[in-house]
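Protein chains in written order, with the UniProt record's numbering: chain A, 1 to 371; chain B, 1 to 371.
No lab work stands behind these hints, which were simulated from the structure alone.
Computed from a predicted structure; not experimentally measured.
Just so you know, not all the hints are guaranteed correct.
When chains are identical, the list treats them as one kind, so a pair holds in a single copy or across two.
Claimed, not checked - Each computed SDA-like pair below joins lysine to any residue, with the alpha-carbon atoms no more than 25 Å apart:
| no. | residue 1 | residue 2 |
| --- | --- | --- |
| 1 | K170 | R104 |
| 2 | K351 | S12 |
| 3 | K170 | Q359 |
| 4 | K304 | E272 |
There are 2 protein chains.
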Amino acid sequence: MDDRECFDRLDSTASDTEDLFEHFERRTAADRTYHALPNARHGIERGTVVVEDTVVRGYPKIPRILVLDTGIPTFFENKLAVEEKLDGVNVRIANVNEPLAFTRSGYICPYTTARAKELLAPNEFFCDHPEQMLCAELVGPETPYTTHDYEEIDSHTFCVFDIRDCESGKPLSVSDRRRLCVEYGFPQPRLFGRYRPPQAVDGVRDAIETLDAAAREGVVMKTLHGEKMAKYTTESQHHEELAYAFSLPFDRGREFVFSRLVREAFQAAEFEADDDQLRERAHRLGEAILLPMVETIRDAANDKSIGERFTVRGSPQQIDALLEHLYDQSLTLEIDEITRENDEQTVEFVKVAEATRDQIHYYLEHGIHRD
Amino acid sequence: MDDRECFDRLDSTASDTEDLFEHFERRTAADRTYHALPNARHGIERGTVVVEDTVVRGYPKIPRILVLDTGIPTFFENKLAVEEKLDGVNVRIANVNEPLAFTRSGYICPYTTARAKELLAPNEFFCDHPEQMLCAELVGPETPYTTHDYEEIDSHTFCVFDIRDCESGKPLSVSDRRRLCVEYGFPQPRLFGRYRPPQAVDGVRDAIETLDAAAREGVVMKTLHGEKMAKYTTESQHHEELAYAFSLPFDRGREFVFSRLVREAFQAAEFEADDDQLRERAHRLGEAILLPMVETIRDAANDKSIGERFTVRGSPQQIDALLEHLYDQSLTLEIDEITRENDEQTVEFVKVAEATRDQIHYYLEHGIHRD
């Protein structure tokens, strides 16, 4: 496709081709060259990709409700569906002659592609619906990007939460999408219910309490046509993310931490009417902050690895392709353990958090900083 | 004094007068015009002031020890004195025909000047030592800048922790300074002891435990000549500052919060060998973060004032001059209560935290943000 056609099909707010395409990055993967938009620009979502004759639209950013009581009725005018939001990696699986899996920021991930082919077997779906893409969360303890544990998942799985027109990004309605997932056997997130906005406040609150008790992430609310979305998360999710951030304090941005503390405080102000409950919650929050940070400092003092530990599973070719893909992104990896059973390899590795490792070692040795 | 003379006397690393003086701000107070350096530049400390024929050197930034065990022996080669660091406002009182009090960032504060004249009566000292300045902490519940409570202070007092050459900033030795404070009746900070570096680790730790139990700030360590300094603070101080920051979450920078969490974690890693103690500490930390933030959200929901509350005491003229000085700095004040007894006024006011107030009101009304 030539530049002009591509520009027209992307339907951006940019004034001309150059104005738009200067923001795209040229990348290669598995003998394919593609162009990806690393950040949202000119009305085009982050992670939008042009590969050969196909446009794969990025997944839109979902606004976050901070206060259920005012947020839901202010944001939603019409009936909404409340579905579980899973803690994993958002990937789009699109049909580019073959199924390819794209990460949120528009990388073709060879490992995720291979797993998607195996676990979702999407060929029949793409045969019937070549213009659609599957938007799915890759979840489970064995993925190369996230490690949230779900009781029901031993290794990893995909959960299809959206089906969208690949080029325009227009979603199917909630009911059409859920029907198709059943038809093609795709796992999909739990549906808590459909509510008018005033009733949704209690509906979401009940769902959140159920999910929080099981240490799960939260919900996404969507109008029934699927166009308008908002998310809301549990206390346990906020604490899990803070624990993660404070286990690598010099690698995660100050903004990351601050935004999670803000959502935690607004939820506490809305949910915890009882002072003792609020105090208990504050104790859990304090543990989420201090214990991981102290553990990391002690690990550094004992010369242990500082970073995130992942386990992945696949054929030797798939594992090699994944590691190459990660090295391409300039990550420093420590490969710890490789086991092989029949054709399947299991690899444990650490993505080294260099800033945290180096900063803590510096402070431990010199004991001082000028602030 | 002309520019060239001033440049020479400042003894900076700047290449010429313009290079240095472009960083100075012109200010006026009580019919005086003066020039102040709002940020450290060219080897000149922040808050350095040129007023008429006098150079008033800024107070140097004190490096912070993060890990006592390595920090003290790395930083100090020679014997050091360990003195209490008080939580108040760092002011310099210099003799410019009359005693004037300068804030850390180089403002002449009329209120602090008046209080210093009254409480320290420094005229005799300046008569004997015209070239020196008193570096003092203004502390107590009744000051316009800080509100840390000390059991022994009802209103406010000055504590002289340094005496320095006004122009060069060169300090007196610890023993000369302490002797002069006794001679002229200036209150001064507690001296915990003089130690060689290896012994200072335990000395500081004992002092910190004593101070922490009384919810006091921490210590400053100084070589006996007074030239080299480092500070170290208590858990209760970290928590107090975090509670303050999270009571005004959108006014205090992310950096403020983060740096205090880092010092807290390094101290916890060094001090809390016992897991249960570490967990208890985490609970206190969580309370310091969540409870003030939730309280501020609820205050905003109930349309209460959002900001810091201060009480000051003085003659009507002193109070007027202070309020004018604060308005000059573009602060929004809510004056709540004025009482008068004989010649003395007591005024309560709130420095309004506009960013926090507006941001929280926005979230409470709209319930959503896009992050």
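Comparing the hints with the structure gives:
1. K170 <-> R104: For K170 and R104, only the intra-copy Cα distance (17 Å) is at most 25 Å; the inter-copy one is 57 Å.
2. K351 <-> S12: neither (36 Å within a copy, 46 Å between copies)
3. K170 <-> Q359: neither (45 Å within a copy, 33 Å between copies)
4. K304 <-> E272: between (39 Å within a copy, 20 Å between copies)
The earlier numbered hints that this structure contradicts are 2 and 3.
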